[in-house]
Amino acid sequence: MKDTLAILHRLSAHPESRCWYVAWHPLGALLASCGGDRAVRIWGKEGDDWVCKCALSDGHQRTVRKVAWSPCGHYLASASFDATTCIWKMTNDDFECLTVLEGHENEVKCVAWASSGHLLATCSRDKSVWIWEVDEEDEYECVSVVNSHTQDVKHVVWHPTQELLASASYDNKVCIYKEEDDDWECRATLEGHTSTVWSLSFDPEGQRLASCSDDRTVKIWKECTSGEDEDSTDGAWKCVCTLSGFHGRTVYDVSWCHLTGALATACGDDGVRVFKEDAAADPRHPAFYLSAHVPKAHNQDVNCVAWHPKEAGLLATCSDNGEIAIWNYQSDA
Amino acid sequence: MAADSIRLLDLVGDFVTGQVDSKATDVANGVKSGQFSILQLVEALGLSLTSSESQTRGRGVQLLSQVLEECYTSLSEREVEVLVAFYENRLKDHYAITPHVLHGLKALAKCTVLPKGSAVSILKSLFQDVHVQSLMLAERSCVYNILISLMESREEELKGLGPDFVFGFVQAVDGERDPRNLLLAFQIARNIIHRGYNLSQFTEELFEVTSCYFPIDFTPPPNDPHGITQEELIQALRAVLTGTAQFAEFLLPLIIEKLDSDMQNAKVDSLQTLAACASVYGHKELSDFLPSLWSSIRREVFQTASESVESAGLSALRALTSCLCRSVLTSNSEDSLHVFLDLVLKDCQHHLCEPDLKLVWPSAKLLQAASGASYRASLIVTAVVLPTLLEQYSSRTQCAQRRTLLEVVQGFIQPTASSWPAEGEETVLQPFRKSLCSVVFSALAESNASLQITAAKVLTKLGQQPGVLAQPDVEMAVDHLSRLVLEEHDAKVSLAVAECAGSLSRLHPAPFASRMIPKLKQEIFSEPTVREDDFDLLPGQSRDAGRQRCIMALASVSTQPSLVRESAPVLLQMLAAAHTGSRIFSVEEVVSVCCSLQRIADQTPNTEEMGHFFHDVVIPRLLTLSLHAALQGENESGHSSPLIEEAVLSAIVPVINTACAALQTELATTMAAQAVYLFLDGDVSFLPENDCPSKIQLLRSQSWTQSQLVCLLMACVCSLPHSVDIPEFDRLLGQLEELSCTSTHPFSYTSAAKCFAGLINKRAAGQTLDGVLEKTLRRISVTLDNQSSAQRIQAFNLLVWMTKALLLRYHPLSAVLTDKVFSLMSDCLLASQAADCFELLMSDSPDVLNRSCHADVRIMYRQRFFAENSGKIVQGFNCAEQGKKSVYLKALSHIVNNLPRQVQLTELPSLLPVLLEALSCPDQVVQLSTLCCLQPALLDPPPALSTQLEALFSRLLPLTASPSMKVRIASLRCVHALSQLPEHMVLPFRAQVLRALASPLDDKKRLVRKEAVLARGEWFLIGSPGGR
Amino acid sequence: MSGGARLENANPLIFQRTGERLLTASEEDEDVADPIDDREIFDILLTPNYSYDPEHPLSLEELNVVEQVRVKVNDEESTVSVEFTPTIPHCSMATLIGLSVKVKLLRSLPARFKIDVHITPGTHVSEDAVNKQLADKERVAAALENSQLLEVVNQCLSTRPA
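Chains as they are written, first to last, in UniProt numbering: chain D, 1 to 333; chain L, 1 to 1028; chain P, 1 to 162.
Check each hint, because a few of them may be wrong.
Calculated pairs, EDC-like style, for lysine to aspartate or glutamate (alpha carbon to alpha carbon, straight line, at most 20 Å) [what the hints assert, rightly or not]:
| hint | chain 1 | residue 1 | chain 2 | residue 2 |
| --- | --- | --- | --- | --- |
| 1 | P | K114 | D | D93 |
| 2 | L | K775 | L | E728 |
| 3 | L | K966 | P | E27 |
| 4 | L | K820 | L | D785 |
| 5 | P | K72 | D | D171 |
| 6 | P | K137 | D | D93 |
| 7 | L | K1004 | P | E30 |
| 8 | D | K53 | D | D93 |
| 9 | P | K132 | D | D37 |
| 10 | L | K1004 | P | E77 |
| 11 | L | K966 | P | E30 |
| 12 | L | K1004 | P | E28 |
| 13 | P | K132 | D | D215 |
| 14 | L | K258 | L | D288 |
| 15 | P | K114 | D | D171 |
Think of the hints as simulated: they come from the structure by calculation, not from any bench. Note that this is a predicted model, so its numbers are computed, not measured.
Make the full structure from the sequences, and use the hints.
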């Protein structure tokens, strides 16, 4: 491996707690983090240093599990174990809690904005996925509750361009949803992982979906378009590649870089790995190789990997030890 | 007189209409001093008492009652009679007056001169005119106190009231809610029952009115000033309920009902009450309820998760069984004991045989409880249970199950105080002797350590009961134990074997002398057969380890003179062999031989015979060997005797110490003379093999191997009883002083100083002693004052030991010596030693100047020393320049650390600032001893601490990363102790502490990690639900 | 726990505690590093004689809920694996016992350790479900933010009688 993953910064973001998740602002100047200390923090670069611009610690009563920026970059959503999701509005460098979305019976595990910015999805241990519609007056309305999983829903992610939603669950499955007659329905169920699916990420074009799991593998799923395969129907997804043997413990997160196409993973063995696609492989049977690996990227579990939206190769990770690390990935290939 | 009566009228007026309460005391004082009589007071009160205003009448009665409460002892019978009549009448008056009336009656009831008949009439009026439960708390208490007083003094009269008295009481108490009053009411009820008042038709009423409180559920309010506890109420009520067999028909069903309760306290109380009443009842009262009682007890013991319920259940069962056993002796009727035990056996026995042994423990405990009730019960139970268990043992193959069964057996073979066979009865184990032995021996032969340990324990118990083990059994047991000593390398098994051998040898010395000791001896002296450098050899399996176990076993079995006579010579022979080099024993081995000898000396019965043995054989032998080794000196080529090693001599000292301390006066006197003349004049005539060169002068020898033998002189002469006269005292002291001041060999000069100290500590006070001491002190001072002297350290050493010797006996010169030591704390060379010497001054020395050496040690000398000197240290600390403060802190922490805990606690507040300072002192010794003295104080912290927590944590937490393991451990213990402080005090520090304790969890030393785990676990619980 | 739950398994097979670990000379030597070993983990789980099983105020070892052979630690690789055996196959408290064991280890071991807590294979009807739950750190974290659950766990870990 000539490719390198070099540490740039390390910040103690949520001391004495764990940092669960980080999310880049769409323009890339800010990074939001959240953790077991019930707080959301906003980080920005001043000179060479990353500093905490703002701490939102009065929104949630329990762990904040995930954060998500709206595509326009004016809003931030935070999902918490206190069963609520907060929507924060950013004006200059200040945040104001706009509304609190309630309805889930228990821990909200994830929140995600659709590319249009008009739809929001949340999921929870109550096994349901909720779709919320946002109108011009910043009013949020739940338009659909889908109960396709039989267990805890761990993650939701929207297609990069279409109104297509994917969810991952403790029941080892991934579901794909689409709107049908004003209601959201599960259109495909992706089975193959042998344990909890923790996270999902679409490729830049939205043709493929990467999933990572407690079974220590990452799987790449591809949507079958008609004509491509005899026995598949439109809208079905099938696993085209499984990355196994690379990870020592649970893979908690996967992120597909929309600038370079590199695939990064966060693992419970404290390692951060970057995979590259083998350009020579048959597109129907893609192959990935391990391009860079930092075994002790953090001294505890790595929970999240996030590629910078504008600057190719810039990667943020966070860990159970409360740290955020920022890396630079360079590839010769 | 007239003036007095006017004054009285004024006082009464002031009290009644002027509302001046304090006047009551003035009146009472007047009555007490004889200024006016009580009847004059009544007269003076006349108008108030007949006033139409109830308030005025009340005020009048109040004054009279208050005076009576002060003066009731001085009343005449006539006065009492008048007053009683008056008060009884007042009971019919307005209700607002009643409280004052009751206070007056309470006082009158205590009068010894209460006329005959008054008690009954007071009670009749009370019961008739007062509705007790509508009174206030204090007045109800008056009523109960009146009853109690009258019951104490007029028992016969009250009994004359017949059941009316009981009925009156029942009515009075019915509905009482106050715990203080209940204690009084229970006391009355108990008196009624225990003193034989006639209950007749009111038995059930009396039971009802008291049993309605059962089981007591009372939580004292926070900051309760009365300090009544739930336990007091429980005990008081229990005394009532279990006081008479007449209650049996009501109480037993109640207990059975309450045992069904979900409240654990109710269960425990019910079971304890059952146990209490079973000791009062006979089998007649119990018989109808036995099946239900048994099934309740069984259910509780089988199902409970609580140790207190279990143990209460077992005690109840034992009490029931005891009760039935007593009945067996007195009645000829149906043997209810058999019937009951059959029931117990039927329900429990089969659990002993179930394949998974799930209920084996509760069943066994129940059976053991029943069996322990009496000899008779144990006969019945063991006859059924033991064969079952022994058969089960043989049919099982798993070691864990066998061990469980053997542990159960262990519980059955130990008689309790009440089931021990009486004279002429033979042990209940008689029929099972053979099978028990065979099970135990087979278990001892297993390779499973825990099974072996259990077997050793069972064997111990069997051996402790006379008549259980026959001669061949004991011989077999001794052979097994000998084999285990030789072969078994598991440390815990060895320990169990040693305990078992020690215990058996007490009752059965002969086979140990004839079978075990020769085997051990043979093993010790046998030639090595296996190669010592064999890689396969585990630690413990080596020959050295085997020999080590033999050496220890020799001590363990030396419990009788006949055994000591066999074992001690083996050990002495080892020393001799080590000395001559005929066998190579390491220094450690020689030391452990000495330790065994010391154990033997320690556990030997203090008889004339044993005194002679040590005086004539052991001590001379030890002296001879040491002397020979010393004279032979260092041998540069080849073998040099281990007996010149300091470690070995230091191990011989306690042997001689212990033996000499136990010598009878006559032997002690010859011992003193022999030792003194040996050391002064080289008189070796009392030693065996005394072919020494003449003219040896050990105390003046230039050879360190000879001069260091002074430690043995100390052992011989400093541990003898006070009464023993030491010959040539002055000459001896002179030579010791010289040796301690001039020798350059540390062990020699220190031992000489200790010997000097040991002698002067016991010497009779007087001018002779003072003369010697002053002379020595002058010499010490001169040397110390001469900064360039080469012998300052020696002089300092002698000064410290001399100070200690005198300090312990409160000798006046000790103050001078102490100040001398203090002055050295600013000495540039000796400061650090001066600080450290306080540890020596304040702690017990193992080999001299302690109570077991018969030293003159006054109680509380440490407190006295602290009181006299702590101020000087604190002052010295405050005045010292920064770099030299630590010397004072070290001295202080040594002193405080050795104080009794109670004194530490009282002194801590004033010392806290200095101790906190000491924690930041870089000296690890200071840190450690400060932590050690803080830790116990933190468990029960003085209020002063709360303001110092910030400072304390900021100093403590960094110490958890100290380079010294002991400091890390001690600081973690302090942090742990602090977790027990009230939550509001420590919660602010929780996050900081948890963060700081994360790294000690990964300390390289296990002992540190262990403390960190404990401390951190506790800190996590602070402020967390369910934690605290 | 409610009265009903308590009776489920009133009398587990109780084994006597293994004695105290004997202190070795090297443990007292400042300069020697003592690796974290199986016995140490075992002692952590049993220290100091309290129970993880709210049904029985006895130690785990006495209940045979955790046996020494079922603790495996690798200090160098920073991994600990504990298999615990619920007292009977249907014991409804298995998850809670497992959670308490896990929390005790999380609080007692250096953060570098990866801690796996499992039910001994073949000893519980819902073995897989309980194991999966215990391995899910998100669920464990959420459980410990539930004050009722935390209360029970803390009571299990408390050295003081409740």
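### Which numbered hints fail
1, 5, 6, 9, 15
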